[in-house]
Amino acid sequence: MVKVLLWGTLRSAADGQAEVEVEARTFKELLDELAARYPGLEPQIKRGVSLALDGKIYREAWFTRIEPDSEVVLMPYMTGG
Amino acid sequence: MALDAYQKREFKQVGTRPNRPDGVDKVTGRAMYGADVTAPGMLHAKVLRSPHAHARIRSIDTSAAEALPGVKAVVTSADFGVPEDAFLLDVQDHCMAREKALYDGHAVAAVAATSIAAAKAALKLIKVDYEVLPHVTDLDEAMKPGAPVVQAGRAFENVPAGMSENVTHHCEFGHGDLEAGFAKADHVIERSFKTAATHQGYIEPNACLASVTADGKADLWVCTQGQFFYRTLCSAILGMEASQLRVTASEIGGGFGGKTMVYMEPVALALSRKAGRPVKLVLTRDEVFRATGPTVSSSMDIKIGMTKDGRITAAQARLRYSGGAFHCGTVDFGAQAAFAAYDLDAVRSLGWNVMTNRPKESAYRAPGAPLSIYAVESVVDELCQHFGLDPLEVRLKNAADKGTKSSYGPTFDQIGLKATLEAAKAHPHYAAPLGPNQGRGLSCGFWFNFGGNTCVSLSVNTDGTVGVTEGNPDIGGSRASISLMAAEELGIPYDKIRTIVADTSSLGYNDVTDGSRVTFAVGLATIKAARDAIKKMCSRAAKIWGIDEDAVEWVDGAAVPAGPNAGKFPPMTLAEIAAVSAETGGPICGHHEVNADGAGVSFGVHLCDIEVDPETGATKVLRYTVFQDAGKAVHPSYVEGQMQGGAVQGIGWALNEEYIYGADGKLQNPGFLDYRIPVASDLPMIDTVILEIPNPGHPYGVRGVGETGIVPPLAAIANAVSRAVGVRMTELPMSPPKLQKALAEKG
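Those sequence lines, one after another, are chains A and B. Numbering that gives the first Met the number 0 numbers the first residue of the first sequence as 0 and each following residue consecutively. Numbering that gives the first Met the number 0 numbers the first residue of the second sequence as 0 and each following residue consecutively.
It is possible that part of the hints are untrue.
Counterexamples of contact, computed for chain B against chain A with all Cβ distances above 10 Å [claimed, not checked]:
#1 23
#2 89
#3 97
#4 98
#5 186
#6 200
#7 257
#8 259
#9 273
#10 614
Computed list of lysine to any residue pairs in SDA-like fashion (alpha-carbon distance at most 20 Å, straight line) [claimed, not checked]:
#11 A:55 to B:555
#12 B:404 to A:49
#13 B:417 to B:393
#14 B:404 to A:10
#15 A:45 to B:412
#16 B:535 to B:570
#17 A:45 to B:16
#18 B:302 to A:7
#19 A:55 to B:594
#20 A:55 to B:156
#21 B:404 to A:4
#22 A:2 to B:156
#23 A:2 to B:403
#24 B:404 to A:16
#25 A:45 to B:580
#26 A:55 to B:535
#27 A:2 to B:402
#28 B:11 to B:594
#29 A:55 to B:400
#30 A:55 to B:452
#31 A:45 to B:82
#32 A:55 to B:4
#33 A:45 to B:157
#34 A:55 to B:404
#35 B:404 to A:45
#36 B:123 to B:65
#37 B:302 to B:344
#38 A:2 to B:174
#39 A:2 to B:412
#40 A:45 to B:410
The set of hints was computed from the structure by calculation and includes no laboratory data. Heads up, the beta-carbon is just placed ideally off N, CA and C, and yes, glycines get one too.
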């Protein structure tokens with residue numbers, strides 16, 4: 000199981016939890032599992048999210064491996080100027 | 000260790016300052032910018048724009064314009080479809096109003112004619128029947144009950160019930176117990192701030208040449224930060240297959256984020272398709288201001304608690320940003336960045352996006368971050384004044400470091416904030432004396448940086464030179480940096496390499512030049528493409544020598560036997576291998592494609608001294624020093640240029656630049672005479688101190704440097720001005736009338 004930290008606005012879609020646990024070995028599995036378990040997260044996931052894995056920010060990268068003790072943080076999709 | 004991870008090495012070329020490859024073309028006027036491209040039979044386009052801030056378009060009659068001699072095509076929204084995708088529909092609606100004109104200057108029709116004069120004359124013959132609607136250009140007003148609704152039904156699911164329909168997005172970040180944190184404070188300050196929308200202020204107006212042929216193939220030459228993204232948007236809006244539209248990026252006369260979005264390019268393509276001839280469309284400065292990329296405007300409330308020894312106990316930001324008449328997520332970045340420089344147990348940032356009757360926001364260097372950090376750093380400075388503490392020591396005491404749980408969630412890896420603060424503390428600037436009416440300000444800044452989709456092709460020419468093909472317009476010296484990294488890796492001189500920016504049909508997809516990504520991501524791909532070519536060259540040498548290719552390694556630009564057991568052969572240089580490439584297996588190229596991650600966040604600290612004239616309220620910047628972590632400065636002159644440019648743009652934002660709307664909802668200052676950007680005579684030399692704390696996610700340790708530099712100046716200047724005049728300034732820009740008023744009220 001991987002612990003995923005959700006930003007504040009998403010917590011209402013995850014039964015008020017700031018951190019949820021999902022069974023996932025990759026980002027793709029993690030996003031699919033989150034959307035399946037918490038349908039309220041799906042609109043944001045479809046609009047785009049970034050993921051921080053042990054402090055490193057990924058914008059896509061479905062197949063990035065996640066270890067059970069990794070720190071995973073869901074973030075809005077990053078853009079820049 | 001992964002090959003894309005940082006490996007310590009002694010650089011031979013990276014870190015030097017060779018001449019810029021675009022220098023001669025630019026100083027001799029030969030560089031081809033967006034408006035410089037022409038084509039046989041080319042038509043000229045002009046755009047009709049709404050004179051109203053908010054109006055329903057009842058009808059548009061183009062018949063008289065179409066009948067005018069020389070006019071070859073007129074388009075309105077009726078010439079475009081209605082995309083299902085909400086983002087794409089917003090992009091298209093911004094290019095050409097559909098049902099309503101949403102801001103002063105919104106495009107409603109366009110004409111292509113054989114001359115600019117004929118196109119202008121035709122615009123006057125287009126009859127638009129408007130139903131003028133109430134408008135709102137101030138974001139606080141737009142949030143009030145009963146405010147005119149800019150676009151109905153656009154709020155995301157995350158907006159709390161009961162808010163104005165103009166509120167389309169809400170976000171919240173943070174951790175810890177705020178109430179308990181504030182209870183621990185010896186003093187709490189709450190302040191509200193406002194900042195005006197500003198423009199990126201690029202000198203080159205948006206320009207393009209579109210050519211659609213009868214068989215449906217199309218070309219677009221355009222000044223852009225991202226030819227591939229423009230292809231994606233334009234082909235989708237025009238209903239074309241991406242392969243049929245080739246987009247070529249011109250040299251670019253400034254972008255700063257503002258040229259990451261299409262504004263009139265789909266219109267030029269639609270005109271060309273309708274007319275059957277190439278169409279050039281060049282915006283005037285007035286149009287650039289009224290209808291392209293301003294930043295968000297903002298209204299913010301900050302609350303911070305501090306102990307008397309300078310420890311921040313709790314911090315909260317409530318941020319309201321307006322990205323104009325469309326959806327905008329920039330407040331997400333402002334909210335995440337607001338407290339990123341601090342190691343806090345209790346922190347919360349909340350954000351709302353509010354629609355107003357203004358043009359659609361476009362990115363501007365570190366979008367969203369300068370505003371929230373301005374407000375936060377102002378309150379931190381005021382707390383330091385309250386307790387009589389050294390503002391630099393307080394920041395050091397609270398600074399985020401490796402292992403800090405950031406205010407936006409992730410735990411920081413190696414970061415350079417404390418090192419930049421220590422560098423500022425040790426710099427003579429910090430101890431220099433100040434005179435009357437002078438003040439010193441400092442601020443931390445932060446930006447995320449990212450990598451993204453990147454594709455590089457590197458070809459070894461038979462004369463021993465090398466071509467690098469990349470897909471990102473060079474907005475800050477990337478061609479030089481890419482050439483330097485290729486030279487370093489290949490072990491050949493910098494001047495043996497030429498890097499060019501490819502069109503969309505010549506290379507795989509590359510993300511836009513934004514997010515401070517290019518030197519990091521394209522550099523990474525270039526290094527790997529060079530390694531790919533080196534592997535092939537080692538293989539060729541092995542064949543020539545008749546040994547196993549694993550027994551060959553690359554040293555200082557040549558293949559050499561790897562150890563005494565591999566045999567005795569003299570080094571075979573890149574030029575020697577290239578010269579016989581036809582005989583040994585054909586052309587030698589290296590490629591790499593990646594969606595790069597691990598860009599590494601960036602911090603900077605700015606220190607400035609200013610003097611305020613108490614009679615006129617005019618502010619003069621006396622001294623300014625930028626401290627920034629570059630990871631590894633590949634070409635230090637360009638890095639310094641980025642740091643200086645960011646500082647100057649931030650100084651303009653702090654002191655003079657603003658979109659001024661009248662009660663009629665019209666932009667009152669769409670020109671550089673009335674919209675005052677800093678020029679050289681307004682500024683001192685901006686000093687720079689580059690720190691090099693390697694990014695663990697890049698082979699050479701590179702971090703992006705393009706955006707962080709614009710983040711701290713707003714607060715650094717505001718803190719200096721506030722200390723100089725003895726009044727906390729809470730609204731940007733701090734133009735002379737505002738300072739005069741503040742001084743008068745102070746008495």
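For each hint, the structure was consulted:
{"no.": "1", "hint": "23", "verdict": "holds, 28 Å"}
{"no.": "2", "hint": "89", "verdict": "holds, 13 Å"}
{"no.": "3", "hint": "97", "verdict": "holds, 22 Å"}
{"no.": "4", "hint": "98", "verdict": "holds, 24 Å"}
{"no.": "5", "hint": "186", "verdict": "holds, 27 Å"}
{"no.": "6", "hint": "200", "verdict": "holds, 13 Å"}
{"no.": "7", "hint": "257", "verdict": "violated, 8 Å"}
{"no.": "8", "hint": "259", "verdict": "violated, 7 Å"}
{"no.": "9", "hint": "273", "verdict": "holds, 33 Å"}
{"no.": "10", "hint": "614", "verdict": "holds, 37 Å"}
{"no.": "11", "hint": "A:55 to B:555", "verdict": "violated, 33 Å"}
{"no.": "12", "hint": "B:404 to A:49", "verdict": "holds, 17 Å"}
{"no.": "13", "hint": "B:417 to B:393", "verdict": "holds, 12 Å"}
{"no.": "14", "hint": "B:404 to A:10", "verdict": "holds, 19 Å"}
{"no.": "15", "hint": "A:45 to B:412", "verdict": "violated, 28 Å"}
{"no.": "16", "hint": "B:535 to B:570", "verdict": "holds, 16 Å"}
{"no.": "17", "hint": "A:45 to B:16", "verdict": "violated, 44 Å"}
{"no.": "18", "hint": "B:302 to A:7", "verdict": "holds, 18 Å"}
{"no.": "19", "hint": "A:55 to B:594", "verdict": "holds, 14 Å"}
{"no.": "20", "hint": "A:55 to B:156", "verdict": "violated, 28 Å"}
{"no.": "21", "hint": "B:404 to A:4", "verdict": "holds, 12 Å"}
{"no.": "22", "hint": "A:2 to B:156", "verdict": "violated, 24 Å"}
{"no.": "23", "hint": "A:2 to B:403", "verdict": "holds, 18 Å"}
{"no.": "24", "hint": "B:404 to A:16", "verdict": "holds, 18 Å"}
{"no.": "25", "hint": "A:45 to B:580", "verdict": "violated, 48 Å"}
{"no.": "26", "hint": "A:55 to B:535", "verdict": "violated, 32 Å"}
{"no.": "27", "hint": "A:2 to B:402", "verdict": "holds, 18 Å"}
{"no.": "28", "hint": "B:11 to B:594", "verdict": "violated, 28 Å"}
{"no.": "29", "hint": "A:55 to B:400", "verdict": "holds, 15 Å"}
{"no.": "30", "hint": "A:55 to B:452", "verdict": "holds, 16 Å"}
{"no.": "31", "hint": "A:45 to B:82", "verdict": "holds, 17 Å"}
{"no.": "32", "hint": "A:55 to B:4", "verdict": "holds, 12 Å"}
{"no.": "33", "hint": "A:45 to B:157", "verdict": "holds, 14 Å"}
{"no.": "34", "hint": "A:55 to B:404", "verdict": "holds, 13 Å"}
{"no.": "35", "hint": "B:404 to A:45", "verdict": "violated, 27 Å"}
{"no.": "36", "hint": "B:123 to B:65", "verdict": "holds, 11 Å"}
{"no.": "37", "hint": "B:302 to B:344", "verdict": "holds, 15 Å"}
{"no.": "38", "hint": "A:2 to B:174", "verdict": "holds, 16 Å"}
{"no.": "39", "hint": "A:2 to B:412", "verdict": "holds, 19 Å"}
{"no.": "40", "hint": "A:45 to B:410", "verdict": "violated, 25 Å"}
The earlier numbered hints that this structure contradicts are 7, 8, 11, 15, 17, 20, 22, 25, 26, 28, 35, 40.
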